[in-house]
Amino acid sequence: MSIQQLLNGVSLGSVYALIAVGFALVFNILKFSNFAHGGVMTLTAYIGLAAALFFSTWLSGLTLFAATLLSAALAGALVGIVLERMAFRRIRNNNSPVIYYFISSITMGILMENIVTIFASSTFYSYPRFFELTVVNIAHVNIALTDLLMLVFSSVALMILLWVLYRTRIGLAIRALSFDVNTANLMGMDSNRVVMATFIAAGILGGIAGVFLGINYTLYPQMGQLIVKGFIASVIGGLGSITGAMIGAVLLGVLEVTLIGAVGAGLAPVFVFIVMLVFLLVRPRGISGVIVQEKA
Amino acid sequence: MEYIFAVLTFTGITVIGVLGSYLVTGLTGLFSFGQAAFFSVGAYTSAMLVKNLDVPFLLAVPAAMAVGLLAGFLVGYPTVRLRRDYISLVTFGFGEAIIALLNNSANLTGGAMGLSGIPQYTNFAIVWGSVAVCLALAVGYKHSKYGRQCLALRADELAAKAMGINVNRIKLVTFLFAAAMTSYAGVLYAFYTTYVEPGAFGWIVSAEWIIIVFVGGINSLTGSVFATLLLTGLPEMLRFASEWRIAVYCVIVLLIINYRPIGIFGEFELTLKWLRQLGKKGVKAS
Chain A
1 MSIQQLLNGV SLGSVYALIA VGFALVFNIL KFSNFAHGGV MTLTAYIGLA AALFFSTWLS
61 GLTLFAATLL SAALAGALVG IVLERMAFRR IRNNNSPVIY YFISSITMGI LMENIVTIFA
121 SSTFYSYPRF FELTVVNIAH VNIALTDLLM LVFSSVALMI LLWVLYRTRI GLAIRALSFD
181 VNTANLMGMD SNRVVMATFI AAGILGGIAG VFLGINYTLY PQMGQLIVKG FIASVIGGLG
241 SITGAMIGAV LLGVLEVTLI GAVGAGLAPV FVFIVMLVFL LVRPRGISGV IVQEKA
Chain B
1001 MEYIFAVLTF TGITVIGVLG SYLVTGLTGL FSFGQAAFFS VGAYTSAMLV KNLDVPFLLA
1061 VPAAMAVGLL AGFLVGYPTV RLRRDYISLV TFGFGEAIIA LLNNSANLTG GAMGLSGIPQ
1121 YTNFAIVWGS VAVCLALAVG YKHSKYGRQC LALRADELAA KAMGINVNRI KLVTFLFAAA
1181 MTSYAGVLYA FYTTYVEPGA FGWIVSAEWI IIVFVGGINS LTGSVFATLL LTGLPEMLRF
1241 ASEWRIAVYC VIVLLIINYR PIGIFGEFEL TLKWLRQLGK KGVKAS
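Protein sequences appear in the order of chains A and B.
At position 14 of the first sequence (counting the first as 1) the number is 14 in my numbering, and the numbers step up by one without a gap.
Take any residue in the second sequence, count from 1 to its spot, add 1000: that is its number in my numbering.
Since the hints were derived computationally from the structure, they do not count as laboratory data.
This one's a predicted model, so the numbers in the text were calculated from it and none came from an experiment.
Take the hints with a grain of salt, since some may be wrong.
[What the hints assert, rightly or not] Covered stretches of chain B (in silico footprint by chain A; criterion: 3 or more residues with CB under 8 Å from a CB of chain A, positions within the stretch not fixed):
(1) 1087-1098
(2) 1186-1195
(3) 1205-1211
From the three backbone atoms N, C-alpha and C, an ideal C-beta is built for every residue, glycine too.
Using the sequences and the hints given, assemble the complete structure.
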């Protein structure tokens, strides 16, 4: 495999990492697969587009790009708050089984997709071109500028997230809650606030991921189904593990680029599924090896 | 009138699909995200057999169910050993892989363009007759030894094992039963619409079936059937607000999940005994 392909794979993987980490964050605490995250990405990608068109009269280039990314991230945080209040707060307070979270999240995902369809119709949109330059050449390796930006911004966002998780009070609270909700509650933690914070963080990541997906592909209401990639990456990395999800996502990106080269874009999902199945059978706890404990 | 019959026929086909989901998810507690894949397996196998190989329809039906069973075995055998949430992941991946496969073997399946020109062999009567048979089978299964063992292992797998229930075997049997039933629904679908395309069988469809099971009430077969009638009928009834109908549907589902988590019907089952009692009460009241 050439360095070129590796680089393409890694930059694809970095977007998957954003998706997978937003997904893993929620799984970490509430122990369910949050399919509403796909809806969050779609919604924020469209909001980002609206922001880009709105700001384009005053700004251009990098500042416009930054403004778009910032508005999408803010919108993501807001959507995260609404999502938690509307779909999960009540279920959580009722101590409902995990499966209800599933239902709620899928329904919310479909709802958000539908809202986008209503307001923006199902036509395809694309972001305005942010930069004149499209390809950067570093040491004889060509890399698309958007790929490079994707790599940089995703890495920075994930670094910030890791810093928040491991160096701040709220991060400590999130980790404590993901370990054991009841004990954390007994210690006087306000679990509602911590869960809210988690959804905000996931929303911000979803917003950034949405913008990048929108730039890389096109905007259409069903783009939220790319959440599947985040899901597979989380499985490879180990469900609920943040660092595992990142590693899994980068591996998935490289794997996909390689497979597309080897068997074509069409059959690649079949092989990805086989890899996922093998992972589940041979090493169900994923790469990270942290297993989310289930009651015996 | 034609239109209403078409809607009712589709609802009937969905009822059979939902029954499969009920057996796997409601009764056994396995969250199968790839149930619609069996639907596509049934639809495509029978359609290709009849259209490309001129196999008689009545022979194509068992053949499609057999292929559905085989697919169910290939997926089910390794996965029933896994933890519950992994089962949902694997079935989900299986569903997506099937769709990718259908999309990419264009010379056999027509790819994303779909397979058209399938003769129309099924109609309203056949579909609802099948619904009655499948419903009877599902009721029988629920009240059989297998059904009770399913309920036991759903409630507590470890305890069920300790009582001597072969957990993996029961899970696999239920999974295969549901797979065969869902492939049959797929056959009905293909020979009613005369056209199949991979896009109609995505994980969203499986998710919708599971949503229906939960809205009706996870412990109630009656609930599943009525919820299907309600939730597949609802979007049609809301057609005057065509843009908003799916949004309204989602909001209703969210409200039920949040405010009545046991589902509309809870544990209630519509039985002859209940009807008889209702009749007596009615007589007394009058």
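Each hint, compared with the structure:
no. : hint      : result
1   : 1087-1098 : holds (count 8)
2   : 1186-1195 : violated (count 0)
3   : 1205-1211 : holds (count 3)
Consistency note: the structure conflicts with earlier hint 2 alone.
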